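Each chain is listed here by its residues.
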Amino acid sequence: MIAADHSAYSYLTAYQTLVTSLPGRDLPWLQQLRGEALQAFAERGFPGVGEEDWRYTALSVLNKTVFAPVTAQQVDLDWLNSYRLDDAACAVLVNGRFSSALSVLNGWDGVTVSALSELLADNPAVVETMLGQAVTSCEHNLVAFNNAWFADGVVVRVVANAQIDKPLQILHVVTDAQALAVTRNLFVVNDHADIEIIETYIGINEAYFTAAINEVLLGCNADLTLSKVQLEGGKAQHFGGTYVRQAPDSRFAHHNFALGGLLARSDIHSDLAQASECTLNGLFVASGRQHLDNHTRINHAKPHGISREFYKGVLDQRARGVFQGRVIVAEHAQHTDSEMNNRNLLLSSDAEVDTKPQLEIYADDVKCSHGVTVGQLEDKSVFYLQSRGVDEATARNILTFAFANEMVDKVENAELKSLLLKELLVRFPAMSL
Amino acid sequence: MTKRMLSIKNLHVSINDKAILKGLTLDINPGEVHAVMGPNGAGKSTLSHVLSGKPGYTVTEGSVSYNGKDLLDMDPEIRAREGVFLAFQYPVEIPGVSNIYLLKAALNAMRKHKGLPEVDAMDFLTLVKGKVKLLQMDEKFLYRAVNEGFSGGEKKRNEILQAAVLEPNLCILDETDSGLDIDALRIVAEGVNSLRSPERSFLMITHYQRLLDYIKPDVVHVLADGRIVKSGGPALALELEEKGYGWLEGQAA
Ligand SMILES: Nc1ncnc2c1ncn2[C@@H]1O[C@H](COP(=O)(O)OP(=O)(O)OP(=O)(O)O)[C@@H](O)[C@H]1O
Ligand SMILES: [Mg+2]
Numbered sequence: 212m213i214a215a216d217h218s219a220y221s222y223l224t225a226y227q228t229l230v231t232s233l234p235g236r237d238l239p240w241l242q243q244l245r246g247e248a249l250q251a252f253a254e255r256g257f258p259g260v261g262e263e264d265w266r267y268t269a270l271s272v273l274n275k276t277v278f279a280p281v282t283a284q285q286v287d288l289d290w291l292n293s294y295r296l297d298d299a300a301c302a303v304l305v306n307g308r309f310s311s312a313l314s315v316l317n318g319w320d321g322v323t324v325s326a327l328s329e330l331l332a333d334n335p336a337v338v339e340t341m342l343g344q345a346v347t348s349c350e351h352n353l354v355a356f357n358n359a360w361f362a363d364g365v366v367v368r369v370v371a372n373a374q375i376d377k378p379l380q381i382l383h384v385v386t387d388a389q390a391l392a393v394t395r396n397l398f399v400v401n402d403h404a405d406i407e408i409i410e411t412y413i414g415i416n417e418a419y420f421t422a423a424i425n426e427v428l429l430g431c432n433a434d435l436t437l438s439k440v441q442l443e444g445g446k447a448q449h450f451g452g453t454y455v456r457q458a459p460d461s462r463f464a465h466h467n468f469a470l471g472g473l474l475a476r477s478d479i480h481s482d483l484a485q486a487s488e489c490t491l492n493g494l495f496v497a498s499g500r501q502h503l504d505n506h507t508r509i510n511h512a513k514p515h516g517i518s519r520e521f522y523k524g525v526l527d528q529r530a531r532g533v534f535q536g537r538v539i540v541a542e543h544a545q546h547t548d549s550e551m552n553n554r555n556l557l558l559s560s561d562a563e564v565d566t567k568p569q570l571e572i573y574a575d576d577v578k579c580s581h582g583v584t585v586g587q588l589e590d591k592s593v594f595y596l597q598s599r600g601v602d603e604a605t606a607r608n609i610l611t612f613a614f615a616n617e618m619v620d621k622v623e624n625a626e627l628k629s630l631l632l633k634e635l636l637v638r639f640p641a642m643s644l
Numbered sequence: 010m011t012k013r014m015l016s017i018k019n020l021h022v023s024i025n026d027k028a029i030l031k032g033l034t035l036d037i038n039p040g041e042v043h044a045v046m047g048p049n050g051a052g053k054s055t056l057s058h059v060l061s062g063k064p065g066y067t068v069t070e071g072s073v074s075y076n077g078k079d080l081l082d083m084d085p086e087i088r089a090r091e092g093v094f095l096a097f098q099y100p101v102e103i104p105g106v107s108n109i110y111l112l113k114a115a116l117n118a119m120r121k122h123k124g125l126p127e128v129d130a131m132d133f134l135t136l137v138k139g140k141v142k143l144l145q146m147d148e149k150f151l152y153r154a155v156n157e158g159f160s161g162g163e164k165k166r167n168e169i170l171q172a173a174v175l176e177p178n179l180c181i182l183d184e185t186d187s188g189l190d191i192d193a194l195r196i197v198a199e200g201v202n203s204l205r206s207p208e209r210s211f212l213m214i215t216h217y218q219r220l221l222d223y224i225k226p227d228v229v230h231v232l233a234d235g236r237i238v239k240s241g242g243p244a245l246a247l248e249l250e251e252k253g254y255g256w257l258e259g260q261a262a
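As you go down the protein sequences, you meet chains A and B in turn.
Numbers in this note's numbering are just positions in the first sequence, counted from 1, shifted up by 211.
Numbers in this note's numbering are just positions in the second sequence, counted from 1, shifted up by 9.
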C-alpha cells in the first residue's frame with residue numbers, strides 16, 4: 212500500500228464513499244475487475260516518470276489535487292451546441308455521466324448506442340464480453356484507475372454488414388471546477404460493418420480531470436474512422452486512451468487533434484491481425500505552458516498488415532509536446548508495410564518537443580520506414596510573404612496554419628473539418644484558406 | 010525635371026561584414042525600364058534584396074529614396090504595399106499555401122494599405138483568371154501550393170503572374186528570363202510589356218540580350234564589383250554581348 216502522504220491515498224480514501232455510486236455494484240465479475248484495478252492503483256499510484264512510457268510526462272498535478280466526481284450543473288447549451296456536428300447523431304457525457312436529455316440518438320438502423328451504466332443494469336452480459344478485451348490494468352495505472360473509477364460511458368455496437376452513413380459524435384463536457392470525469396466507451400464494429408465516430412472533449416476554464424478510455428473491437432473487414440478533438444479547458448488535465456483490437460482485413464483510421472488542456476496525454480494503441488490496416492494521424496498544437504503527450508503503439512502481430520502514421524506538432528511559447536511512436540512487428544508478421552512520420556514546428560525558443568520513434572522489428576521480410584523532423588519557420592518563406600505585402604505576424608500565422616492544416620486536410624468529414632479549421636484560425640489568425 | 014521614382018545614392022551594403030555593394034548610384038524615373046547586367050557575384054541580387062527589404066543585409070552608407078520616401082526605413086511588407094515588387098531569382102516554395110490564397114492575401118493587404126475594402130470574391134476570380142490567361146498558364150496552377158514542385162520556368166512565370174495581379178509601381182525582375190524556354194520567354198515578356206505604363210518602372214536584372222529584344226530598356230547599366238561601372242542606351246547591351254565585361258574592369262560610370 213502507498214503511504215498516507217501520497218496523493219493516491221486521498222483518491223483511495225475518497226473511493227470508499229464513491230464506490231457506492233458506481234454502476235455494476237452487483238456484478239461479481241466487475242467487482243473483481245475493479246478490485247484488482249484498485250489494488251494496482253493502491254500499490255503504485257499514478258504512472259511516474261520512472262516508467263519508460265511516461266518519461267516525458269509528469270503527472271504531479273494529479274498527485275497534488277484530488278479531483279472528485281460532481282453531479283451535473285446547468286450546462287451552457289449555446290456553448291455545448293456550438294461543438295455539435297449537425298449531420299451526426301450525438302451522445303453527450305456531462306462530467307462523465309451520460310445525459311439522455313442532451314443526446315440525440317434516434318432513428319438509426321444497424322447500430323445500438325447505449326449508456327454504459329444503463330447497459331450494466333439491463334444487459335450486463337453484453338458488457339462482460341467487451342470490457343477489458345482491448346486493454347487491462349496491466350497497461351499502466353491510468354488504465355487501472357479508469358477500471359476502478361469509471362462511472363459511465365457510451366457503448367456502440369454495430370451489427371455485421373451494416374454501413375452506417377451517419378457519424379456518431381460523443382461529446383464530453385465538463386462543467387465544474389475540480390471535477391473528475393472517468394468514462395469508459397466500448398465500440399464494437401462487427402464483421403464487414405462500417406462507421407465513423409467523433410469524440411469531442413470540451414470543458415470550462417478551470418482545473419478538472421478527464422480520464423477517458425475507449426476499447427475498440429473491430430471485426431473482420433470492419434471499418435472504423437475515429438476522430439478525437441481534444442479541446443479541453445486551458446487548466447484541465449486530460450488522459451484519453453484508445454485501445455483497439457483489429458480482426459483480419461479490418462481498417463482503423465484515427466485522427467487525433469490535441470489542442471486543449473493544460474496537460475493532456477493520449478494513448479492510441481492498436482493490435483493488428485492478418486492484413487489489417489491502421490492509419491494514425493495526429494496534430495498537437497500547444498502554447499503557454501501546455502504539455503501535450505501522444506503515445507502511439509502499432510502492434511503488427513500477423514502478416515500483411517499495413518500501418519501509416521503521421522503526426523505533426525506545433526509548439527509555441529513554453530509549451531512542450533511529446534510524440535512517442537512505437538511500432539512492433541512480430542516475428543511472424545511478414546510482409547508488414549509500415550510508415551511513421553513525425554514533423555514538429557517550434558515557434559519559440561522556449562518551446563520543446565520530445566519525439567521518440569521506436570521500431571521493434573522481429574520479422575525479416577518487411578517494409579518499415581520512419582522519419583522525424585523538428586524545425587522552425589523558414590526565414591525565406593516569411594520574407595517571401597512579406598515581400599508580397601503580408602505583415603510578418605500574419606506571414607508566420609499563414610505558414611503555421613498551412614503546416615497544421617495538412618492534418619486537417621486528411622479529415623474527410625466536411626463538418627468536422629470546418630470546425631477544426633475554425634479552431635486553427637483562432638490560434639493562427641490569417642485569412643482562411 | 011521629372012520626379013524620380015527611385016533614387017539610390019552611394020549605397021554600401023555588406024553581409025556578415027563582407028562588403029557587397031560599394032557605392033552604388035542609380036536613378037529611375039516613372040515609366041522607365043532599366044536593365045542591369047553584370048558578372049556573377051557582382052551584387053545584382055543583393056541590390057534587389059536590399060530594395061525589397063530582405064533581412065540579413067547591413068547598409069553601411071548611402072540612401073535609397075522611393076517616391077520621395079526613405080525606402081530603407083520601411084518594413085518589407087510596407088515597401089510591397091507602396092508598390093515595390095521583386096520577382097525573385099529563386100522563388101520560394103510555400104507548401105500548404107495555394108497560389109490563389111497568396112494572391113488574395115497580397116492583393117487585400119495592398120488594398121487595405123490604400124484604404125480600399127477587401128476585394129469582392131467574384132471580381133477577384135475574374136481578375137486573376139484574366140491574368141492567368143495573359144500569361145498563358147493553366148488555371149490549375151492557382152490551386153497548387155505556391156511554387157511547390159513548379160519547374161524553374163513555371164516559377165518564373167508565376168512571379169510575373171503575381172506582378173500582373175498586384176500591379177506594382179516599381180517592378181524588380183531578377184533574372185526572370187533565366188530558365189524560361191523560348192516560347193515562355195516571349196509570353197512572359199509580353200506579360201511584362203502589358204504592364205508597362207508611364208507610371209510604372211522596371212529594374213530588370215539579366216545576363217542576356219535576348220530578353221532586351223522583347224522588353225526594350227531605356228537605360229542599360231553594368232554592375233560590377235558592387236558599383237555601376239557603366240550606363241548607356243540599349244546599344245550597350247549589344248556591346249557587352251560582344252565584348253564581355255573584362256574591358257570595363259576598374260571603370261566607373
Ligand atoms: N550570406 C552571404 N554571406 C557571404 N557572402 C554572400 C552571402 N550572400 C551573398 N554573398 C555574396 O555576395 C556576392 C553577390 O551576390 P549576388 O547574389 O548579389 O550576385 P549576383 O550579381 O546576383 O550574381 P548572379 O549573376 O550569379 O546571380 C556574391 O559574391 C555572393 O557570394
Ligand atoms: Mg543574382
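Hints listed in this document are in silico derivations from the structure and should not be mistaken for laboratory results.
Any given hint might turn out to be false.
Result set (DSS-like, lysine-lysine): computed pairs, CA atoms no more than 27 Å apart in a straight line [claimed, not checked]:
no., chain 1, residue 1, chain 2, residue 2
1, B, Lys27, A, Lys633
2, A, Lys591, B, Lys78
3, A, Lys591, B, Lys27
4, B, Lys78, A, Lys621
5, A, Lys628, B, Lys149
6, B, Lys113, A, Lys628
Keep in mind it's a predicted model, so treat the numbers as computed, not measured.
Evaluated hints:
1. Under the criterion of a C-alpha separation no larger than 27 Å, the hint pairing Lys27 of chain B with Lys633 of chain A is inconsistent with the structure, at around 47 Å.
2. In summary, the hint linking Lys591 of chain A to Lys78 of chain B is supported, as the alpha carbons are separated by about 26 Å, within the 27 Å threshold.
3. For the proposed pair Lys591 of chain A and Lys27 of chain B, the alpha carbon gap of about 20 Å is at most 27 Å, so the pair holds.
4. Distance check on the hinted pair: Lys78 of chain B and Lys621 of chain A sit about 48 Å apart at the alpha-carbon level, beyond 27 Å; violated.
5. Straight-line distance between C-alpha atoms of Lys628 of chain A and Lys149 of chain B comes to about 23 Å, which keeps the hinted pair within the 27 Å bound.
6. This hinted pair checks out: Lys113 of chain B and Lys628 of chain A have alpha carbons roughly 22 Å apart, not beyond 27 Å.
In terms of the numbered hints stated before, the structure departs from hints 1, 4, listed from lowest to highest.
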